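Asks: Those protein sequences? They're chains A and B, same order as listed. For the first sequence, the numbering used here begins at -6 and goes up steadily by one. For the second sequence, the numbering used here begins at -6 and goes up steadily by one.
No lab work stands behind these hints, which were simulated from the structure alone. All values derive from a computational prediction rather than experimental measurement. Please note that the accuracy of each hint is not assured.
Just so you know, same-sequence chains aren't split out, so a pair can sit in one copy or run between any two.
As the list claims (entries may be wrong) - Mimicking DSBU-like on lysine-lysine, the simulated pairs with C-alpha atoms at most 35 Å apart in a straight line are:
#	residue 1	residue 2
1	K46	K377
2	K100	K377
3	K296	K134
4	K46	K234
5	K377	K214
6	K24	K46
7	K315	K158
8	K46	K134
9	K24	K134
10	K24	K100
11	K46	K103
12	K234	K213
13	K134	K100
14	K178	K134
15	K271	K184
16	K296	K178
17	K214	K46
18	K134	K103
19	K214	K296
20	K315	K377
21	K234	K315
The chain contents come next:
There are 2 protein chains.
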Amino acid sequence: MGLIVQKFGGSSVRDRDRIFNVARIVANTHKAGNDVVVVVSAQGDTTDDLIAKAAEITHDPSSREMDQLLASGEQISIALLSMALNSIGCHAVSLTGWQAGFQTDRKYSKARIRRVDTERIQSELERNRVVVVAGFQGLNKLDDITTLGRGGSDTSAVAIAAALKADRCQIYTDVEGVYTADPRKVPSARKLDEITFDEMLELATLGAQVLNNRSVELAKKYNVELEVLSSLNPVPGTVVKEVTNDMEGMLIKGVAKDADVSVITVMDVPNVPGSSFKMFSLLAQRNINVDIILQSTGRNGNKDVTFTCAQGDAELACRVLKEQGRYDNLVADNSCAKVSIVGAGMQSHSGVASSMFEALSNNHINIHMISTSEIKISVIIEEKDADLAVRAIHDMLVHNV
Amino acid sequence: MGLIVQKFGGSSVRDRDRIFNVARIVANTHKAGNDVVVVVSAQGDTTDDLIAKAAEITHDPSSREMDQLLASGEQISIALLSMALNSIGCHAVSLTGWQAGFQTDRKYSKARIRRVDTERIQSELERNRVVVVAGFQGLNKLDDITTLGRGGSDTSAVAIAAALKADRCQIYTDVEGVYTADPRKVPSARKLDEITFDEMLELATLGAQVLNNRSVELAKKYNVELEVLSSLNPVPGTVVKEVTNDMEGMLIKGVAKDADVSVITVMDVPNVPGSSFKMFSLLAQRNINVDIILQSTGRNGNKDVTFTCAQGDAELACRVLKEQGRYDNLVADNSCAKVSIVGAGMQSHSGVASSMFEALSNNHINIHMISTSEIKISVIIEEKDADLAVRAIHDMLVHNV
């Protein structure tokens, strides 16, 4: 009755049994009267195996050849899934990224989709076939194969859904949906029925790792309704959309922890206009993403600037600043973590922040930094306290509400 | 100084060491001042592994999806070889079959090349890059990936050489060239410096298994000089060309055995015009290739017709003929083999046939059928006698000349 895009990740197609499991989900969706486009990743460890093959040859492969190599992974999985679908009586045809019309920019290994020419997909749908598309890959203007980088298959699925104006884009994973906290760490965590794009973006950025950020941005931009659900357990998942129906008056949608945080403090920065700008433009030139920034008055009328970045960028950040001469009194701390609460209704309700701080205080957890936006509050605390903090905040603001 | 196409089979690129061995051969050819196009097959067992993956899914995969699946094999090997070439300082770029411009007909799994659009290859050569092309594959008019079937990479190499008017097409294998007989069976067998296309075609058909027949036919059609040589042992191989320089006056170029022979005798065929034609047109309709045909007068004024075909076709051939009603008195014999001598100079020299028969007679080997063409003589004998026959004929007509 509609047009549905379904995306399955590598673990969902890792072997024969999983492939047939996916085939049954797809065939049932098709049998129910829907047009179905399926986007799949490479099987299980295929991508890692291919990377290992390349590493045997050279430690510095050209990114063009890496893309040529890696794209073979999805070519295998689309062919196998199409065979499985055909064998259970559901007519299917597989299309590689370039056959499906994915046009990208030139950046090998992290290409951006420019557009999807859907002619071929549409003509196959008109013939009542399920179309099985290779995620993660496209073609640039040179007619070279490109790959989309991390989480690329999610992005492929949303891009197709947008181009085809699909009724829904279902992202099948090995979890049942988006949770209010990591269910492995917080026993009282519960699955959300709905979440807004903005909330999902904050949660994805904060390390909830359910959906890739680029795919959520794209879904928001083209208003593609997403559903995150399990390929193994056939229960309703979490719907991600522009405006949610908060019947329960749930203010907080999730509590997330991000342990990949380095806190860098630069002391004795001259207190003159432009000194912070110069510092952060130096970091930006080296593609270092800075997250939270705090500035305080230091000694001698100078100021102290503290910021956070990913731990992998910390060493480079310190080197870049030291080389400059003016910012050599600095210290980096990798023992911290960021804990955040996200919820679109937060801003219009007072007391959310104070409840969060109360939960931390009750558990004797010290707060190093605080950062707030319209729909989230983040604190930087010691990493050793982070799991306890998540549980305490979750129990106070989500579970017991 | 020229343009050279080099083709390497799956065993030549089966692992890291072999890939670098190939890379060194290619880089040296390029360093010597040549433009080089390399055609490679899938690594070692990759194709078999992919076939096994498909067999886990279904025993009747669509040939379109099989081609989509199998083509990933060469995509892996071209990327790895290009990485290896780049890592030793030889600039290379990999192209899949469709990127290299291979256009084929629609027959999945055994497509025929229609033409090669060499624009992309030529523009890469102009940039002084070695071009590494995926053999065995192309694109049909539907923009679907096709594969060329058995020996397809040889055919790809010759087709590129023809389209680019290359100076030479080198086919690297794990043998050093074309031998006068199978060196594993005939100790006195020697490597030929040169052989004509026609001789090579007869030898290939007869089971010498060095070069695929389609590639030799194509090379003859477009007069592409071929060289068969070893990727492991850097000695001159065998050149295949239109006219050879027979300084030694060598009449016989090779003695070959083909054990895949079924001899089918149909008795009591009505001796009226057109009865043989009807019989063989029935077989042709079922794509059964008939090799030697003999006809003799049988009983009651009827005739007996004997023919040979591949053993895999024998059962179908018998069934087709029996179904027809008129040809139900028949018998198939799979215990035979065909032994042949090939040489372009044979026809102008008397005594070749009688020497062959003498060699067989000396060894008490009975001849069931005889067939001759301008450049070959074949006999059908008991398979158990075949190796002895090859040695005896080789010693009399090749080794002791």
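Asks: Against each hint, give a clear statement of whether it holds in the structure.
Replies: Hint by hint, here is what the structure shows:
no., hint, result
1, K46 - K377, "neither (38 Å within a copy, 46 Å between copies)"
2, K100 - K377, "neither (39 Å within a copy, 63 Å between copies)"
3, K296 - K134, "neither (49 Å within a copy, 67 Å between copies)"
4, K46 - K234, "neither (41 Å within a copy, 39 Å between copies)"
5, K377 - K214, "neither (38 Å within a copy, 75 Å between copies)"
6, K24 - K46, "between (41 Å within a copy, 27 Å between copies)"
7, K315 - K158, "neither (50 Å within a copy, 59 Å between copies)"
8, K46 - K134, "both (28 Å within a copy, 33 Å between copies)"
9, K24 - K134, "between (38 Å within a copy, 31 Å between copies)"
10, K24 - K100, "between (39 Å within a copy, 30 Å between copies)"
11, K46 - K103, "both (20 Å within a copy, 29 Å between copies)"
12, K234 - K213, "within (7 Å within a copy, 64 Å between copies)"
13, K134 - K100, "both (11 Å within a copy, 29 Å between copies)"
14, K178 - K134, "neither (46 Å within a copy, 54 Å between copies)"
15, K271 - K184, "neither (44 Å within a copy, 74 Å between copies)"
16, K296 - K178, "neither (39 Å within a copy, 88 Å between copies)"
17, K214 - K46, "neither (38 Å within a copy, 39 Å between copies)"
18, K134 - K103, "both (15 Å within a copy, 30 Å between copies)"
19, K214 - K296, "neither (39 Å within a copy, 81 Å between copies)"
20, K315 - K377, "within (29 Å within a copy, 84 Å between copies)"
21, K234 - K315, "neither (44 Å within a copy, 69 Å between copies)"
Going down the numbered hints, you'll see the structure goes against 1, 2, 3, 4, 5, 7, 14, 15, 16, 17, 19 and 21, while the others check out.
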